[in-house]
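Undergrad: Here are the chains, one letter per residue:
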Amino acid sequence: MTARPKAFDDSLTKTRRSFFGRIAGLFRQEKITEETWDELEMLLLQADVGTKTTIRVMDALRQQVKANTPPEQAQEMLKAELLAILKPVQRAYLPGSRLLHVIFVVGVNGSGKTTSIAKLAKYHKSRGQTVLLAAADTFRAAAIDQIKIWGERVGVDVVAHQPGADPGAVVYDAIGAAQARHADVLIIDTAGRLQTKYNLMQELRKLRGVAQKQVHLAPHETLLVLDATTGQNGLSQAKAFAEAVQVTGVVLAKLDSSSKGGIVFAIADEYKLPVLFVATGEKLDDWAEFDPQAFVDSLFENRE
Amino acid sequence: MFDSLSDKLQEVFRKLSGKGRLSEQDVNEAMREVRMALLEADVNYKVVKDFTARVRERAIGSDVMQSLTPAQMVIKIVNEELVATLGEAVHLDLSGPPPAVIMLVGLQGSGKTTMAAKLALYLRRSGERPLLVAADVYRPAAVAQLETLGKQIDVPVHNEGTLVAPPVICENALKRAHREGFSVVILDTAGRLQLDDRMMAELEQVKRVTQPREALLIVDAMTGQEAVAVAEEFNKRVALTGLILTKVDGDARGGAALSIRAVTGVPIKFMGIGEKVSDLEVFYPDRLASRILGMGDVLTLIEKAETSISEEQARKMEQKLRKASFTFEDLIEQLHAVKKMGSLNDIIGMIPGMQQFSKQLPEEETDKALQVSEAIVNSMTREERRNPKVINASRRRRIAKGSGTSVQQVNQLLRQFTEMQSMMKQMQGKKGRNLLSMFR
Ligand SMILES: Nc1nc2c(ncn2[C@@H]2O[C@H](COP(=O)(O)OP(=O)(O)OP(=O)(O)O)[C@@H](O)[C@H]2O)c(=O)[nH]1
Ligand SMILES: [Mg+2]
Numbered sequence: 047m048t049a050r051p052k053a054f055d056d057s058l059t060k061t062r063r064s065f066f067g068r069i070a071g072l073f074r075q076e077k078i079t080e081e082t083w084d085e086l087e088m089l090l091l092q093a094d095v096g097t098k099t100t101i102r103v104m105d106a107l108r109q110q111v112k113a114n115t116p117p118e119q120a121q122e123m124l125k126a127e128l129l130a131i132l133k134p135v136q137r138a139y140l141p142g143s144r145l146l147h148v149i150f151v152v153g154v155n156g157s158g159k160t161t162s163i164a165k166l167a168k169y170h171k172s173r174g175q176t177v178l179l180a181a182a183d184t185f186r187a188a189a190i191d192q193i194k195i196w197g198e199r200v201g202v203d204v205v206a207h208q209p210g211a212d213p214g215a216v217v218y219d220a221i222g223a224a225q226a227r228h229a230d231v232l233i234i235d236t237a238g239r240l241q242t243k244y245n246l247m248q249e250l251r252k253l254r255g256v257a258q259k260q261v262h263l264a265p266h267e268t269l270l271v272l273d274a275t276t277g278q279n280g281l282s283q284a285k286a287f288a289e290a291v292q293v294t295g296v297v298l299a300k301l302d303s304s305s306k307g308g309i310v311f312a313i314a315d316e317y318k319l320p321v322l323f324v325a326t327g328e329k330l331d332d333w334a335e336f337d338p339q340a341f342v343d344s345l346f347e348n349r350e
Numbered sequence: 026m027f028d029s030l031s032d033k034l035q036e037v038f039r040k041l042s043g044k045g046r047l048s049e050q051d052v053n054e055a056m057r058e059v060r061m062a063l064l065e066a067d068v069n070y071k072v073v074k075d076f077t078a079r080v081r082e083r084a085i086g087s088d089v090m091q092s093l094t095p096a097q098m099v100i101k102i103v104n105e106e107l108v109a110t111l112g113e114a115v116h117l118d119l120s121g122p123p124p125a126v127i128m129l130v131g132l133q134g135s136g137k138t139t140m141a142a143k144l145a146l147y148l149r150r151s152g153e154r155p156l157l158v159a160a161d162v163y164r165p166a167a168v169a170q171l172e173t174l175g176k177q178i179d180v181p182v183h184n185e186g187t188l189v190a191p192p193v194i195c196e197n198a199l200k201r202a203h204r205e206g207f208s209v210v211i212l213d214t215a216g217r218l219q220l221d222d223r224m225m226a227e228l229e230q231v232k233r234v235t236q237p238r239e240a241l242l243i244v245d246a247m248t249g250q251e252a253v254a255v256a257e258e259f260n261k262r263v264a265l266t267g268l269i270l271t272k273v274d275g276d277a278r279g280g281a282a283l284s285i286r287a288v289t290g291v292p293i294k295f296m297g298i299g300e301k302v303s304d305l306e307v308f309y310p311d312r313l314a315s316r317i318l319g320m321g322d323v324l325t326l327i328e329k330a331e332t333s334i335s336e337e338q339a340r341k342m343e344q345k346l347r348k349a350s351f352t353f354e355d356l357i358e359q360l361h362a363v364k365k366m367g368s369l370n371d372i373i374g375m376i377p378g379m380q381q382f383s384k385q386l387p388e389e390e391t392d393k394a395l396q397v398s399e400a401i402v403n404s405m406t407r408e409e410r411r412n413p414k415v416i417n418a419s420r421r422r423r424i425a426k427g428s429g430t431s432v433q434q435v436n437q438l439l440r441q442f443t444e445m446q447s448m449m450k451q452m453q454g455k456k457g458r459n460l461l462s463m464f465r
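From first to last, the protein sequence lines are chains A and B. Letter by letter, the first sequence follows residues 47 to 350 in the working numbering. Letter by letter, the second sequence follows residues 26 to 465 in the working numbering.
Hints were generated in silico from the structure; no laboratory data involved. Just so you know, even glycine gets a beta-carbon here, dropped at the ideal spot from N, CA and C. Among the clues, some could well be false.
What the hints assert, rightly or not - Some but not every residue of chain B turned toward chain A, in silico, with C-beta under 7 Å:
(1) Asp67
(2) Gly249
(3) Ala400
(4) Ser428
(5) Val432
(6) Phe442
Required output: the full structure, derived from the provided sequences and hints.
TA: As structure tokens, this is what we get:
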């Protein structure tokens, strides 16, 4: 497969500069004016933070900021407000030790599940763990080929059946294989589905049930892969997937896009879901543990 | 959930009973609600600003029509402006000497490959001879995906593997189309970020060598505020001729399409409404407008009110729609109330027509039945909820698709509902208000 032209290692930097640079710029003015407030509100909205959360954050900030508050101090207050949304729900990924960790990956169509799974597999592998992947998306055309290619690139095995096969059987076999080989981590890829489809969400429940029956307390993480370009529908996704399969954390994919992924504030706020990882490109290494402090700080970094 | 804007506007205008004309202050208050609703629908904030300014201008001083309340008046103006902004459905332009090239572009995961197959099927059914071209050499198994879809719909796929540069593949495909008499060539290009200058340059090159008649941007209906920035850059690089909104079968409002249309002027051509290759729909501005507002029903109501002669009649109509008969909306409300109360079977047993749900069913089965019902009702338009008679065969199919259930399941619910309704009528005769009010 052709290597994608290496083009935009600094795309993240670019994004941060345009958006968050503007916020930082606002706070460099002498005094905070009504215009500053309006602009600030617009900037949060543009980052897909959503009206409800934006209003809440702005109200909290207005209460703290006095006529004589220096703009830089107001900036720190805003950071603190945003951080106060993410921090309380933040936690370590995959806490505790066990023989086999089962990780279940879900999300809407095209959000970045399969690619994220490849990156997560590499993440575990580079920590000295043996990893097995389960190709439980038997529905989408060539989904099995796709995860097999990633498996080869990462150097981990993939348990797969034929296209159209019962995904439950794939999960069942994959768990058997993981146990037989004493693998440390099993990551299950599922078909993308819109959260409004009742039967497909039922199917996902069943799939989770298969894992639950075979391994104590499995799945140990259920990750919702959210496309950072998603707007307010992200909330509906978090709600529905959490209800159906008890999502334990979010992977924020495509954060290398020009979008800011601001919907995660609302998701953390309303559904108490932490972001655990961010994906920032199509290469295996474009993957990092989520750090709320760094995420919020980066909103205000001025790289100009 | 599905009625926030109309309810909020009613609230805004509640104190305003004298009607006549809308004052500037009334309108300003209303515009705040409109602004929020549009932002919740992912309409770009700049577009929202311009849009509300336009609506505001029209609304201030406008006469409240006799048959409308001020809230309805504002919604009517908002809707008209939305429909106007969305523009008419524009069809594909395949004129000129064949083969006509259609180039699909967009961000990663927006649904290009699936859409390529859908368009191929659609065009073949309208008498064209399409050729699909696998020009995504980057994403693992993208070529295999298109091959699989091509086989499903029996449309040939031009495939040169993943080692040839996409512009070369596309050029070769075009030659082949000339040679073999294909009338349409559909290029499935790799997803890319508009920030990625090299990948965008590759797209320009594909465009140069194939001179496409259509360059279509594929946009995920769930896209947030950045949709405009994305579309502007793609438009700058390859001069878009159209927009296709995908994943419209979910519950995303799709404000991105409005934003893009408003900023770039690029017309919306189709909508993807499911995972199957036949799930393609021509774009209708009025439907998308209702979706963005989340209130198809109120608009129907307004239309009816407008055509009716007197205010009296309009009010009667509204009363009939809202109160007199038991609707699916009432049903959903009941289901929610019931869910909160625990001991489901007992309660359900008391609801007329619902006894069959409770018959010796284990609790989880009952839960499941409720969830199915709710999913189905959620996929109905408001009009359908209030007037189930309009639910014909094609609507049933759409509802089944939207809720991820089967037509049989939809039919079953409709049947149960009719039974329930007739029982409801009998009871109302006896007791005035219906029994269900105790669950409210
Ligand atoms: N730029 C960028 N692209 C990504 C990222 N993650 C995934 N992608 C791309 O997004 C597209 C969809 O990714 P997949 O991993 O196939 O998504 P999926 O959720 O498995 O898709 P389905 O299984 O079809 O629902 C592919 O083109 C990926 O290369 C990311 O972090 N950044
Ligand atoms: Mg996948």
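Undergrad: Hint numbers the structure violates, sorted upward?
TA: 5 and 6
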